[in-house]
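One line per chain: the protein sequences are A and B, in this order.
Just so we're aligned, residue 1 is where the first sequence starts under this note's numbering, counting upward by one.
Just so we're aligned, residue 1 is where the second sequence starts under this note's numbering, counting upward by one.
What the hints contain is simulated information worked out from the structure, not anything from laboratory work.
Please read all numbers here as calculations on a predicted model, not as lab measurements.
Be aware that a few hints might be false.
Within a straight-line C-alpha distance of at most 35 Å, the following computed DSBU-like cross-link-like pairs (lysine-lysine) qualify [as the list claims (entries may be wrong)]:
#	chain 1	residue 1	chain 2	residue 2
1	B	Lys125	A	Lys90
2	B	Lys30	A	Lys96
3	B	Lys125	A	Lys92
4	B	Lys125	B	Lys30
5	B	Lys125	A	Lys96
What follows is a set of in silico ranges between Cβ atoms, one per label pair, in the way DEER data are often shown [what the hints assert, rightly or not]:
#	chain 1	residue 1	chain 2	residue 2	range
6	A	Phe65	B	Ala9	36 to 44 Å
7	A	Ile41	B	Pro107	48 to 56 Å
8	B	Asn38	A	Val32	45 to 53 Å
9	B	Pro107	A	Gly45	23 to 31 Å
10	A	Lys90	B	Lys125	36 to 44 Å
11	A	Leu95	B	Glu103	32 to 40 Å
12	B	Ile68	A	Asp66	28 to 36 Å
13	A	Gln37	B	Ile68	36 to 44 Å
14	B	Gly7	A	Leu10	18 to 26 Å
Each residue gets a CB set at the ideal place from its N, CA and C atoms; glycine is no exception.
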Amino acid sequence: MTLLSLVLILLALVTFVGGQLILKRAMESSVVHGLRQPSFISLLGCGIFLMTISFFLTLGLLQRFDLSYLYPFQGLSVIIISVMATVMLKEKLTLKLTIGALLITAGVVLVSLS
Amino acid sequence: MRDRPSGFANPWLQLTLSVMCVFVSELLLKRGASDTANPAQAWSWTGVTGLESPLVWLGIIFVIISFISWLYVLRYIPLTVAFPLSRVVDILVPLGCWFFLGEAISPRRWCGIALVIIGLAVTAKPVARLEERL
């Protein structure tokens, strides 16, 4: 793995996580303020923009690496998103949810290693 | 959690729909990306060369459907619950390869799949209890 591909993998992960958090915030604001609010539309646009970058970076990575090789990094997104949603969106992360997220991540990594 | 609609508008049904679409799109995108793989091409690292494959376009349609239902899910279900549950797709893909394509699954991979299922159960259990109370 070259330095460039490591950077691309991390960039795909960061844009994916950022996109998810922004989209969640957009949909929450839509519940309160409706779908025509400028704040909702700009958040949705931002989220879609980040998800699109992540999508094409992942597609480029899939042309170079096996899906199974890229899977552990997708698995990491479970942990990162759970933690970030707690910190940035003030969601409640219970002990059970933490254990669940850790088990899922471990499982995904194990699947991709074999 | 807020009042949630029933029937087709049920967010848990939409979560399932979203996951199934991601599952189908992953297989299509991998096939399409492999068909068009040519790392020597300029711009290939951006992934746009994958657009030459019709399978990639079909995959994109599934991505869009899953995205719309995912947005709907986000209105009702916290990210800390919805996202880990959405990773059920990580075991659907290897299981799909085993079931539909006859690929072998090693013991270690079965262990990984089992871990994910236990993790999903742990994540979903407090949610089920919350639902009962509503």
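Each hint tested on the structure:
As the CA atoms of B:Lys125 and A:Lys90 are separated by approximately 21 Å, the hinted pair is consistent with the 35 Å bound. Between B:Lys30 and A:Lys96 the CA atoms are separated by roughly 34 Å; this keeps the pair inside 35 Å, and the hint holds. The hinted pair formed by B:Lys125 and A:Lys92 meets the criterion: a straight-line CA distance of about 15 Å does not exceed 35 Å. For the proposed pair B:Lys125 and B:Lys30, the alpha carbon gap of about 33 Å is at most 35 Å, so the pair holds.
Between B:Lys125 and A:Lys96 the alpha-carbon distance is near 9 Å, which keeps this suggested pair within the 35 Å criterion. A hinted range of 36 to 44 Å holds for the C-beta pair A:Phe65 and B:Ala9, which are about 39 Å apart. Taken as a hint, the range 48 to 56 Å holds for the pair A:Ile41 and B:Pro107, whose Cβ atoms sit roughly 50 Å apart. Between B:Asn38 and A:Val32 the beta carbons are some 48 Å apart, a value that agrees with the proposed interval 45 to 53 Å.
Checking the proposed 23 to 31 Å range against B:Pro107 and A:Gly45 shows it is violated: the Cβ atoms sit about 46 Å from each other. At about 23 Å, the CB distance of A:Lys90 to B:Lys125 disagrees with the hint of 36 to 44 Å. Remark: the range hint 32 to 40 Å for A:Leu95 to B:Glu103 is upheld by a beta-carbon distance near 37 Å. In this structure the supplied range 28 to 36 Å holds for B:Ile68 paired with A:Asp66, their Cβ-Cβ distance being about 29 Å.
For A:Gln37 paired with B:Ile68, a C-beta distance near 19 Å fails the hint of 36 to 44 Å. Between B:Gly7 and A:Leu10 the beta carbon distance is about 41 Å. The supplied range of 18 to 26 Å is therefore violated.
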